[in-house]
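Let the hints inform the model, and build the full structure from the sequences given.
So you can see what is in the structure, the chains are spelled out below.
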Amino acid sequence: MGPLKVLIVDDSVLMRTLVRRGLRQAGIEVTAVLEASNGIEALTKLAGESVDLILCDWNMPEMDGPTFVREVRKTMITPIVIITTEASEAKIRQATQAGVSGYIRKPFTAESLRVAITASFGAPS
Amino acid sequence: MSDAYPELWVLLSEAYKAINSDLQALLQVGVKLTPKAFSVGATEMGWAMRGPGVIATTVIEAGVGSASARCPTHFVFKSPDAVTMVGTLMLMGKAALGERRKLPMNEREVDGFREIANQICGSANLAFDKLEKHLRVSQNTEHLKVAWTKEIERSLPPGPMVILPVGFTLEGYPPSECAQILPADGVAKILSATAKA
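Chains A and B, in that order, are what the protein sequence lines are.
In terms of this note's numbering, the first sequence is residues 1 to 125.
In terms of this note's numbering, the second sequence is residues 1001 to 1197.
Honestly, the hints are just simulated from the structure, not real lab data.
Here a beta-carbon is modelled for each residue, glycine too, at the ideal position from N, C-alpha and C.
Wrong hints could be hidden among the right ones.
[Unchecked claim] Here are the simulated lysine to any residue pairs, SDA-like style, with alpha carbons at most 20 Å apart:
1) B:Lys-1133 <-> A:Glu-89
2) B:Lys-1145 <-> A:Ser-12
3) B:Lys-1017 <-> B:Lys-1130
4) B:Lys-1189 <-> B:Gly-1159
5) B:Lys-1130 <-> A:Ala-87
6) A:Lys-5 <-> A:Thr-17
7) B:Lys-1145 <-> A:Asn-38
[As the list claims (entries may be wrong)] Which chain B residues stay away from chain A? Per the calculated CB distances, all over 10 Å, these:
8) Pro-1006
9) Ser-1039
10) Val-1040
11) Pro-1072
12) Glu-1099
13) Arg-1100
14) Leu-1103
15) Thr-1149
16) Pro-1175
The structure is reproduced here in structure tokens:
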């Protein structure tokens, strides 16, 4: 897993800041971080440039996380890790069916972020 | 008066244990919400919840199928406490926070508190799942709304309410109080739906 170009999709500016901080604390090397506040905005960004990793919230206005993941999966195999407070088995199943590569429950730690991202690239954590 | 709603007390006590655990991990400081006995009606809240605050409103969904019910719920925090939580997450220094605590919450702080409210709902839902109760605090953005108000009491919904005052402590700051509020008729509906599920 080399240095990554990351897209963070979350309607909360605070949470996008926390995820950026988490990436730094987890020692994940990044070349660039793009941000979007919902699924539609994220799809627009992805139409213009490719990324190596997508970190995405569940509950967002306009287009929620699972819908966004299903849309991305129509054309891309980019690893997608969902970061959410939604932690029930049903929600995890729903996310998996949508095509996520990893699932992190909030509140997350730098370590849980590192483990999930590494695993989403198919490498041992 | 918690014996007036024993089933609700059990459910919410478990929820607040999960909320405490998660907020402590999120904020990485000693934050604790301690549920106290229920009271009914805004006047019983007394002076504690007057003044500026932030109200997170969402919906509790209970039960399954035709026996399901919905009830609005409100999480009410005093403005300085909400600002402190958001500011702590933003790594704001204590001096800067001291100034911010005196001012109305800005848009960025309200947005930040929405994430805290989302965490509160998610933690409660995890507790309800473990109890195997068909109960869920909606985290859908259509339901979960957060607003700052200059005067908490004037922004509370009309009609009889069940109020759960909750002790609030954040390391380095004086003890405070927040509250969870539900309309009394809604409480009866969700308890009935949960019992039938």
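Verification of the hints:
no.	hint	in the structure
1	B:Lys-1133 <-> A:Glu-89	holds (14 Å)
2	B:Lys-1145 <-> A:Ser-12	holds (13 Å)
3	B:Lys-1017 <-> B:Lys-1130	holds (12 Å)
4	B:Lys-1189 <-> B:Gly-1159	holds (16 Å)
5	B:Lys-1130 <-> A:Ala-87	holds (11 Å)
6	A:Lys-5 <-> A:Thr-17	holds (16 Å)
7	B:Lys-1145 <-> A:Asn-38	holds (17 Å)
8	Pro-1006	holds (25 Å)
9	Ser-1039	holds (29 Å)
10	Val-1040	holds (30 Å)
11	Pro-1072	holds (18 Å)
12	Glu-1099	holds (19 Å)
13	Arg-1100	holds (14 Å)
14	Leu-1103	holds (18 Å)
15	Thr-1149	holds (20 Å)
16	Pro-1175	holds (23 Å)
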